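Taking the hints into account, I'd like the entire structure generated from these sequences.
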Amino acid sequence: MKLIIAYIKPERLNAVKQELFKRNVFKMSVTNALGCGQQKGYVEAYRGAISEVNLLKKVRLAIGVNDEFVETTVEGIIAGARTGKIGDGKIFILPMDDCIRIRTGEHGTDAIG
Amino acid sequence: MTNKMKTILILAVCGAAMALSAEEVVAVVATAAPAPAPTAAEAIFYTDNLWIMAAGMLVFLMHLGFATVESGLCRAKNCTNILFKNTLTPAVGFLTFAIMGFSLMYPGESWIWGKFLGFTGFGLSSNPDASLAEAMSYNGHFTYWTDFFFQGMFAATAATIVSGAVAERIKINSYLVFTIFYVMLVYPIIGSWGWGGGWLAGLNFHDFAGSTFVHSVGGWGALAGILMLGPRIGKYVNGKAMPIMGHSMPLATIGVFCLWLGWFGFNGGSVLSAEPTKVSFVLVTTMFGAAAGVIGALVSSHVLLRKPDHSMTLNGCLAGLVAITAGADCVSPTSAIIIGLIGGLIVVPSVLIFDKLQLDDPVGALSVHLVNGIWGTLAVGIFAFPETGYNFLSQLTGVAAAAAAAFPAALLIFYVIKKSIGLRVSEDEELRGLDIGEHGMEAYAGFQFFSNQ
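The listed protein sequences derive, respectively, from chains A and B. Under our numbering, the first residue of the first sequence carries the number 1, and numbering increases by one thereafter. Under our numbering, the first residue of the second sequence carries the number 1001, and numbering increases by one thereafter.
To be clear, the hints were calculated from the coordinates, so they are not data collected in a lab. Be a bit skeptical, because a hint or two may be false.
Derived lysine-lysine pairs resembling DSSO-like cross-links, with alpha carbons at most 30 Å apart [stated by the list, open to error]:
hint	chain 1	residue 1	chain 2	residue 2
1	A	K2	A	K27
2	B	K1356	B	K1307
3	A	K2	A	K57
4	A	K90	A	K22
5	B	K1235	A	K85
6	A	K57	B	K1235
7	A	K27	A	K85
8	A	K22	B	K1240
9	B	K1240	B	K1356
10	B	K1115	B	K1278
11	A	K22	A	K57
12	A	K85	B	K1418
13	A	K2	A	K22
14	B	K1235	B	K1419
15	B	K1418	A	K22
16	B	K1356	B	K1235
17	B	K1115	A	K17
18	B	K1240	A	K27
19	B	K1235	A	K27
20	A	K90	A	K57
21	A	K90	A	K27
22	B	K1240	B	K1418
23	A	K27	A	K17
24	A	K90	B	K1235
25	A	K57	A	K17
26	B	K1307	B	K1235
27	B	K1356	B	K1419
28	B	K1278	A	K17
29	A	K17	A	K85
30	A	K85	A	K57
31	B	K1235	A	K17
32	A	K22	B	K1419
33	B	K1356	B	K1278
34	A	K22	A	K85
35	A	K2	A	K85
If you want the footprint, here are the derived chain A segments under chain B, 3+ residues with CB under 8 Å [claimed, not checked]:
hint	region
36	10 to 18
37	44 to 51
Here the structure is a predicted model, which is why all the values come from computation and not from measurement. Where a beta carbon is used, it is the ideal one built from N, C-alpha and C, also for glycine.
Structure, rendered in C-alpha cells:
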C-alpha cells in the first residue's frame, strides 16, 4: 500500500481528476497549498507596488492506493497535470503502514478498495 | 512661543475675525434688498428637479448592485475582473452618452432619416450659466443638466446587463470596445424611437421606464455575447449542464437589494416630475412587482427544483422589477402583482431552458432582462388602463423592433471584435482565473479557495 502525494497547478485539477477517473481511480482528497520549486514566482501588482510572489498556489492531492495501482495513478496524474512548463508540480510516493475504513473497520488492501 | 501664548494669540485672531465679519454682515443686510419669494412655478420646478436628481443617484446605485450580484454569482477567481467591468461601465457609459448618446436619443426636432434616426450634434449643448428662468424653459420640470444626468445613468445600466452574461471568459479590452459602441450608438438610436419621440411613440407604444429600451436591449446584447463567446470550460459535459457555483451568496443578495432600492429611482424618476400622485403610485406598483417576483420564483423553484433556491429567488425579484418597469405608471396594483408574479414564475424555467440550449449565462441575465423585458412590455398591452389606448399590437411591434435592431447590431459588434482583437481569453487563463490573467492581482489575496474542482 502506498500513499501518493501530488502537488499540481490548481488549474489542472479537473484534468487530473478526469484522467484518474479514466483509470478507475476514484478516491482522493484535495487540499489547497502554497509552494514553489524551480518556479521562482510571478510578478504581482497591488496599487503600484510590484512584488515577486514565490509561494505559489498549488493543490495537493492525497491518494491511498494498492501497489498494483501505483503506476497507473502516477500516469494519470502526469497526464492531467503536465503542461511542459516549470511549475507543473511533483509527486511523492510514501509507504503506508495501514489503511482503515472508518465505517466498516476494514484494514489494509480491502480498506483501500 | 509657549502654549499659553499661542492660545491667547489664536483666540485674539478669532475674536477679531468674528468682530469684523459681524460688522460686514450687518452692513450687507442693511443695504441689500429683501430676496423675492419664489413663485409657485419655481417652487414646483425646484421640487421636480430635486426628485429627478435624487432618482438619478438611485439609478447610479444600481451599478453597485450589478457589481455585487455578478461577482457573487461567479467564481472567486474572476471576482476582480467582474468588479472592474462594473466600475468601467458607468464611467464609459456616461462619457459616451455625453459624446453622442444623448443627442442621438433625444433629437428633439433634428430628425435626419424619417423618425428612425435623429442627431443634435456631438457633445453637450447647454449653457451652464443659464438663469433659473432659462433653465425652466427647457422642459418645465427639470434642467438640461438634470436630464442629461438622469438619462446618462440609464444608458450605462443597459450595457452593464451584458457584463453578467459574458462573465468569466470575455477579454476585458473586448468588453470595453463592445460597451463603447453599444452605449454610444445602439442603445440611444433604439431609445429615440420611443422616448425620443420617434416612430414607435407615434404608434402609441408605451415603455414607461425601459423594459424594452433598457432591459431587452441589454438582453439582446447579452444573448449575442453568449452566442459569440460560447460556454465556459466545463459548463456543458455530454450535453448536461454542470453547476458552476457562485462564490458569495451574501454579495449576490447585497446586489439585489441595491438594485431593488435603485429601482425606486429608476421607475420613480421615469415619471419625469415629482408629481405626488404619479410618483407615489409608481413606487407602490414597483414594489408589488418585486415582491410578487420573489414569490413567483420561490414557487416555481420549489416545484421545478424541489428546493427554494436562493439565487433563483434573487433572480425572481429582479424579474418582477424588470417586468413591472414597462407599465408601472399605467396598471393597477393588482395587475402589478400579477405581472411580477408571472415574471418570477417564468424566470426559473427560463434559466433551465437556456441551459438545455447550451447558452451559458452565469448570472441569469437573459432570463431576468431579456425574457422579462419582453414579458413586461407585452403585459402593458394586456393590463394597461383602457383610457391610455396602449394595446398589445403596438407593444408587440416595439418588442419586435428592438429585437430586430439590437440583436443583429450586437452580433455584428461582437463578430468584428472576435475577428480583430479576439473575444475570449485563452483556456489556460480561464482556468487560472481572469483576476490573475487580466489584472495581475487577486480579489481575495491570501485566501484559500478552490479555483477548480
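Going down the list of hints, with the structure as the test:
1. K2/A x K27/A: holds, 14 Å
2. K1356/B x K1307/B: Judged against 30 Å, a Cα distance of about 20 Å means the pair holds.
3. K2/A x K57/A: holds, 26 Å
4. K90/A x K22/A: holds, 21 Å
5. K1235/B x K85/A: holds, 26 Å
6. K57/A x K1235/B: Distance of about 24 Å is within 30 Å: holds.
7. K27/A x K85/A: holds, 28 Å
8. K22/A x K1240/B: holds, 19 Å
9. K1240/B x K1356/B: Judged against 30 Å, a Cα distance of about 8 Å means the pair holds.
10. K1115/B x K1278/B: holds, 29 Å
11. K22/A x K57/A: The given pair, whose Cα atoms are some 26 Å apart, holds under the 30 Å limit.
12. K85/A x K1418/B: holds, 28 Å
13. K2/A x K22/A: holds, 20 Å
14. K1235/B x K1419/B: holds, 24 Å
15. K1418/B x K22/A: With a Cα-Cα distance of about 35 Å, the restraint between K1418/B and K22/A is violated, given a limit of 30 Å.
16. K1356/B x K1235/B: holds, 11 Å
17. K1115/B x K17/A: violated, 59 Å
18. K1240/B x K27/A: holds, 23 Å
19. K1235/B x K27/A: holds, 23 Å
20. K90/A x K57/A: Roughly 14 Å between the alpha carbons, so the hint for K90/A and K57/A holds.
21. K90/A x K27/A: holds, 19 Å
22. K1240/B x K1418/B: Given pair K1240/B, K1418/B holds - Cα atoms ~27 Å apart, limit 30 Å.
23. K27/A x K17/A: holds, 10 Å
24. K90/A x K1235/B: It holds: about 29 Å lies between the C-alpha atoms, which stays within 30 Å.
25. K57/A x K17/A: holds, 18 Å
26. K1307/B x K1235/B: holds, 22 Å
27. K1356/B x K1419/B: holds, 28 Å
28. K1278/B x K17/A: Not satisfied, since the Cα-Cα distance of roughly 60 Å exceeds 30 Å.
29. K17/A x K85/A: holds, 20 Å
30. K85/A x K57/A: Holds, at roughly 15 Å.
31. K1235/B x K17/A: holds, 16 Å
32. K22/A x K1419/B: violated, 37 Å
33. K1356/B x K1278/B: violated, 42 Å
34. K22/A x K85/A: holds, 24 Å
35. K2/A x K85/A: The given pair, whose Cα atoms are some 28 Å apart, holds under the 30 Å limit.
36. 10 to 18: Answer holds; 5 residues pass the 8 Å Cβ test.
37. 44 to 51: Answer holds; 3 residues pass the 8 Å Cβ test.
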